[in-house]
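Chain Y is fixed; fit chain W onto it per the hints.
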Amino acid sequence: DGGITQSPKYLFRKEGQNVTLSCEQNLNHDAMYWYRQDPGQGLRLIYYSQIVNDFQKGDIAEGYSVSREKKESFPLTVTSAQKNPTAFYLCASSIRGKPQHFGDGTRLSIL
Amino acid sequence: QKEVEQNSGPLSVPEGAIASLNCTYSDRGSQSFFWYRQYSGKSPELIMFIYSNGDKEDGRFTAQLNKASQYVSLLIRDSQPSDSATYLCAVVSSNTGKLIFGQGTTLQVKP
Chain Y
2 DGGITQSPKY LFRKEGQNVT LSCEQNLNHD AMYWYRQDPG QGLRLIYYSQ
52 IVNDFQKGDI AEGYSVSREK KESFPLTVTS AQKNPTAFYL CASSIRGKPQ
102 HFGDGTRLSI L
Chain W
158 QKEVEQNSGP LSVPEGAIAS LNCTYSDRGS QSFFWYRQYS GKSPELIMFI
208 YSNGDKEDGR FTAQLNKASQ YVSLLIRDSQ PSDSATYLCA VVSSNTGKLI
258 FGQGTTLQVK P
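Protein sequence lines, in the order shown, are assigned to chains Y and W. Numbering-wise (this note's numbering), the first sequence opens with residue 2 and increments by one. Numbering-wise (this note's numbering), the second sequence opens with residue 158 and increments by one.
Chain Y on its own, in the form it takes in the complex:
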């Protein structure tokens, strides 16, 4: 089945630790996105990538990093510089100009 796979479903971070969230898609979509959702809030864009080996900061990129070495993969690293990382992280992909579709998300919490 074609789709977007995010892993893990739940993740816990210790103080001072970097953690990486995985996002893989087999839809042959060029564009991929990372969003953060806090309780009762809409989605805020962290990073996006329109093409392999290129990505741009979204509205809340501080404390996060990404890479886009393969078309299928767009991992997000939450660094220790992100002081309030507890949130629901959503990865999405799309064909340019078409609607975005989301993975199932990763819930990140602080230990």
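Think of the hints as simulated: they come from the structure by calculation, not from any bench. Keep in mind that the hints are not guaranteed to be accurate.
Stated by the list, open to error - If you anchor each label on the Cβ, the simulated ranges turn out as follows:
no.: 1; chain 1: Y; residue 1: 55; chain 2: W; residue 2: 223; range: 33 to 39 angstroms
no.: 2; chain 1: Y; residue 1: 110; chain 2: W; residue 2: 160; range: 27 to 33 angstroms
no.: 3; chain 1: Y; residue 1: 70; chain 2: W; residue 2: 227; range: 36 to 42 angstroms
To be verified - As a list, the in silico BS3-like pairs of lysine-lysine whose alpha-carbon atoms are at most 25 angstroms apart:
no.: 4; chain 1: W; residue 1: 199; chain 2: Y; residue 2: 10
no.: 5; chain 1: W; residue 1: 255; chain 2: Y; residue 2: 58
no.: 6; chain 1: Y; residue 1: 99; chain 2: W; residue 2: 224
no.: 7; chain 1: W; residue 1: 255; chain 2: Y; residue 2: 71
no.: 8; chain 1: Y; residue 1: 71; chain 2: Y; residue 2: 58
no.: 9; chain 1: Y; residue 1: 15; chain 2: Y; residue 2: 71
To be verified - A few chain W residues facing chain Y, derived, Cβ under 10 angstroms:
no.: 10; residue: 158
no.: 11; residue: 161
no.: 12; residue: 186
no.: 13; residue: 246
no.: 14; residue: 261
Where a beta carbon is used, it is the ideal one built from N, C-alpha and C, also for glycine.
Coordinates of chain W only, in the frame set by chain Y:
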């Protein structure tokens, strides 16, 4: 003024009634509008998109767009308890091409 505004609700309707969800946006140049449904603890799911003024119908769902007044709405006919969810309005920015989300309206359909 927020770029995309929705009443957070909750909007409560009886089963079988019409639910009307509204969204206003500030970017007069926006051309693409989306409605996503998000069940509690799950990721958003695309249910409607609309690009032209007027109505677009898909089953029990109708999206309505009025660019002059800068609002987009979603009507759900014959509401069912399974429609109970948060509905996110999203608008593509004419400046950046990014998808801007409202905070969502929570719909409760009571049996």
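Hint check results:
no.: 1; hint: 55(Y) <-> 223(W): 33 to 39 angstroms; in the structure: 37 angstroms, holds
no.: 2; hint: 110(Y) <-> 160(W): 27 to 33 angstroms; in the structure: 29 angstroms, holds
no.: 3; hint: 70(Y) <-> 227(W): 36 to 42 angstroms; in the structure: 40 angstroms, holds
no.: 4; hint: 199(W) <-> 10(Y); in the structure: 11 angstroms, holds
no.: 5; hint: 255(W) <-> 58(Y); in the structure: 11 angstroms, holds
no.: 6; hint: 99(Y) <-> 224(W); in the structure: 20 angstroms, holds
no.: 7; hint: 255(W) <-> 71(Y); in the structure: 22 angstroms, holds
no.: 8; hint: 71(Y) <-> 58(Y); in the structure: 18 angstroms, holds
no.: 9; hint: 15(Y) <-> 71(Y); in the structure: 29 angstroms, violated
no.: 10; hint: 158; in the structure: 15 angstroms, violated
no.: 11; hint: 161; in the structure: 8 angstroms, holds
no.: 12; hint: 186; in the structure: 15 angstroms, violated
no.: 13; hint: 246; in the structure: 9 angstroms, holds
no.: 14; hint: 261; in the structure: 6 angstroms, holds
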